[in-house]
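Visitor: Sequence:
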Amino acid sequence: MEKVSLPKGTRDFGPTQMAKRQFIIESIKSVFQNYGFQPLETPAMENLSTLTGKYGDEGDKLLFKILNSGPGSIDDFKSLFKLKEMVNQGSIKSHLKNIIVDFFENFYDKIKNQNLIQTTDSSYLLYRDTIISELILFKEIYFKKYPNEQVGYLQVKDLIQNDRSFIAEKLGETLFKSLGKTFFTENIEKKYFDSENFDFFKEIFRDASNDISNYPEISIISEKGLRYDLTVPFARYVVMNRHEIAFPFKRYQIQPVWRADRPQKGRYREFYQCDADVVGTDSLVCEAEIILMIKDAFKALGIKDYSVKINHRAILSGLAQILKAEGNESALFVAIDKLDKLGEEKVKEELALKGFDESSLSLLFDILNFKGNTKQKIDFLTQKFMNSEKGKKGLSDFTEVLALLKKFGANEDHVEFDISLARGLSYYTGCIFEVKINKVGIGSVSGGGRYDNLTAVFDSKEKSSGVGFSFGIDRIYDAMEELQIFPENATASSMALVAHLDEESFTYGLKIVQSLRENGIASEIYPDQTKIKKQLEYADKKKIPFVIVIGSEEMKTGLLTLKKMQSGEQLKLSFQEIISNVSIR
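Numbering (the numbering used here), first residue to last: 283 to 867.
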């Protein structure tokens with residue numbers, strides 16, 4: 283019998299976990315509503331045309347694509363006939379080869395950058411041996427085409443390390459059919475890898491598989507995808523419903539999203555986001571209110587040590603201007619966004635490959651590494667941006683947001699100006715935000731920014747400016763668990779349990795439990811006739827704070843026994859006194 287398991291990167295949530303998650307969600311939802319935001323939901327799946335091209339190249343690779351269902355309509359039959367015709371013509375085969383050639387070169391670069399190619403490393407040895415075995419399988423065809431060439435073991439080793447283009451060109455299709463299948467379906471034994479490397483290789487081949495549907499001819503295989511975030515579906519909703527919406531439109535949305543990422547601590551393939559967006563205004567009041575909402579939400583959750591990092595895309599564009607790299611902004615932003623993960627030296631290497639020279643890199647990191655308070659950073663950049671209009675615009679917006687905070691009566695506590703904050707999503711155009719909880723081993727728990735052109739990608743006539751941010755429920759949960767700051771009553775499903783000693787007291791208790799519910803107190807009665815000890819153990823396991831014990835004496839006097847589970851204290855009280863005691867907890 284097959285072992286029961288969950289897909290990697292997904293989780294079940296039991297009652298205790300769900301109670302804590304609901305505490306987080308309800309706390310954040312209350313803040314959203316307090317600032318005038320309205321609820322919205324969108325489908326779990328969107329058309330791929332809606333999703334692709336909105337998250338940058340790296341984001342598009344993480345889209346979960348949904349295979350079209352089997353034949354069931356005339357259109358489905360047409361698609362199948364078209365696919366068969368394309369296979370016969372060889373166009374899919376040609377595209378697959380191009381995909382895998384590109385993929386393999388990236389694959390080689392990735393494993394090289396990850397320092398996995400070492401002659402004594404088991405993952406390298408297995409990788410090398412797999413390449414060799416593929417060469418052997420390929421040899422017959424290869425020798426027919428190149429009868430005068432011989433490929434031996436040592437030449438193979440040299441090819442791997444010195445001539446990756448040869449392997450990419452000659453083995454593209456075989457790699458897809460064999461190596462991709464081997465890693466992606468886990469036919470290879472995990473004992474050859476440590477867990478991290480095994481998952482790393484699998485994800486690389488998953489990327490190769492996902493890349494196939496980016497080619498137009500392959501779109502008939504997959505036309506839909508699971509939503510990657512809540513912002514793009516929101517923009518799509520705005521465009522489709524613009525005549526019914528009152529602008530500025532303020533909405534919040536709390537739903538799961540999916541990303542084909544490599545699972546690790548704080549990073550899942552299925553997770554919840556809590557989004558709040560305003561569309562239809564370019565007022566920087568919205569940015570200031572985002573900071574206020576983050577502060578209010580963390581106050582409600584009991585999180586005290588955190589940082590709200592802020593930057594502006596125009597400040598980053600200003601950096602590109604003074605580096606004379608306006609045509610290479612995307613590569614610059616993506617690389618800067620990886621600083622926390624890769625470190626300065628690796629980012630420098632990546633930018634050097636993109637054409638940035640040593641003098642540009644030196645200037646860039648002089649700016650990114652500047653230390654000082656917010657005012658000092660603003661003064662520093664003001665000098666650097668003397669000839670950069672974009673940089674001046676970014677600084678102007680940022681200083682206005684800080685001024686608006688003061689006008690709201692708030693201070694700059696927890697707010698940090700981070701020049702290196704880039705946020706990889708390509709649709710941001712203004713202020714950008716990222717929130718981290720300090721002293722926990724978890725990445726950002728919230729992020730967002732302004733997007734002036736996102737709705738225009740769905741309708742060129744629709745150019746509503748928007749700004750928003752998102753809380754990551756799962757990471758906040760993990761952080762609060764690590765800090766042990768969930769309130770005790772967050773996991774209580776019921777406030778009171780009615781326990782009974784016999785059949786007669788059970789019947790009496792039915793009226794008591796219903797009266798408690800009518801008074802707004804979540805309550806339950808133990809359904810079976812059993813020892814009082816077992817009923818108290820039940821209340822203890824469910825963390826029910828109060829137990830009302832009913833026996834013959836309680837029924838006779840009307841004074842019920844109220845047991846406080848945390849202290850063990852027992853009181854004899856009337857029903858109304860019990861209502862007061864339980865309600866004020």
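Among these hints, one or two may not hold up.
[Unchecked claim] Heads up, simulated SDA-like pairs for lysine to any residue below, C-alpha to C-alpha not over 20 Å straight-line:
id, residue 1, residue 2
1, Lys-813, Ser-797
2, Lys-591, Val-616
3, Lys-838, Val-795
4, Lys-311, Asn-523
5, Lys-825, Pro-809
6, Lys-343, Leu-322
7, Lys-547, Asp-622
8, Lys-721, Asp-734
9, Lys-506, Lys-547
10, Lys-666, Asn-655
11, Lys-630, Glu-340
12, Lys-302, Asp-578
13, Lys-623, Lys-636
14, Lys-825, Lys-793
15, Lys-547, Gln-766
16, Lys-628, Ser-702
17, Lys-591, Lys-506
18, Lys-838, Lys-854
19, Lys-815, Asn-801
20, Lys-815, Lys-845
21, Lys-674, Asp-734
22, Lys-813, Pro-769
23, Lys-793, Ala-772
24, Lys-581, Glu-694
25, Lys-824, Asp-294
26, Lys-815, Ile-826
27, Lys-718, Asp-700
28, Lys-825, Ile-767
[Claimed, not checked] Just the calculated beta-carbon pair ranges, DEER-fashion:
id, residue 1, residue 2, range
29, Glu-694, Lys-628, 26 to 34 Å
30, Thr-298, Glu-526, 27 to 35 Å
31, Asn-651, Met-847, 53 to 61 Å
Hints were generated in silico from the structure; no laboratory data involved. Predicted model, so just to flag it, every value in this text is computed and none were measured. Ideal placement from N, C-alpha and C gives every residue a C-beta, glycine not left out.
Visitor: Looking only at beta-carbon atoms, does the pair Thr-298, Glu-526 fall within the given range of 27 to 35 Å?
Guide: 41 Å, violated
Visitor: Does the Cβ pair Glu-694, Lys-628 satisfy 26 to 34 Å?
Guide: Because 32 Å falls inside the window, the suggested range holds.
Visitor: Hey, Lys-311 versus Asn-523, does the alpha-carbon distance stay inside 20 Å?
Guide: Violated. Lys-311 to Asn-523 sits at ~23 Å, over the 20 Å cutoff.
Visitor: CA of Lys-813 to CA of Pro-769, is that 20 Å or under?
Guide: Between Lys-813 and Pro-769 the Cα gap is close to 31 Å, so the pair fails against 20 Å, i.e. violated.
Visitor: Holds or violated: Lys-674 with Asp-734, Cα cutoff 20 Å?
Guide: 18 Å, holds
Visitor: Assess, step by step, whether the Cα of Lys-718 is no farther than 20 Å from the Cα of Asp-700, and give holds or violated.
Guide: 12 Å, holds
Visitor: Holds or violated: Lys-825 with Pro-809, Cα cutoff 20 Å?
Guide: 18 Å, holds
Visitor: For the pair we were handed, Lys-343 and Leu-322, check the Cα-Cα distance against 20 Å.
Guide: Violated: Lys-343 and Leu-322 sit about 27 Å apart, past 20 Å.
Visitor: Starting from Lys-813, check that the Cα of Ser-797 is at most 20 Å away, please.
Guide: This hinted pair is violated, its Cα atoms lying about 24 Å apart.
Visitor: Is the hinted pair Lys-838 and Lys-854 satisfied, with a Cα-Cα distance of at most 20 Å?
Guide: Between Lys-838 and Lys-854 the Cα gap is close to 13 Å, so the pair holds against 20 Å.
Visitor: Would the pair Lys-547 and Gln-766 pass a check requiring their Cα atoms to be no farther apart than 20 Å?
Guide: 17 Å, holds
Visitor: Checking one constraint from the list: CA of Lys-623 to CA of Lys-636, max 20 Å. Satisfied?
Guide: Within the cut-off at roughly 19 Å; holds.
Taken one by one, the earlier hints fail for this structure at numbers 1, 4, 6, 8, 9, 14, 17, 19, 22, 23 and 30, listed in ascending order.
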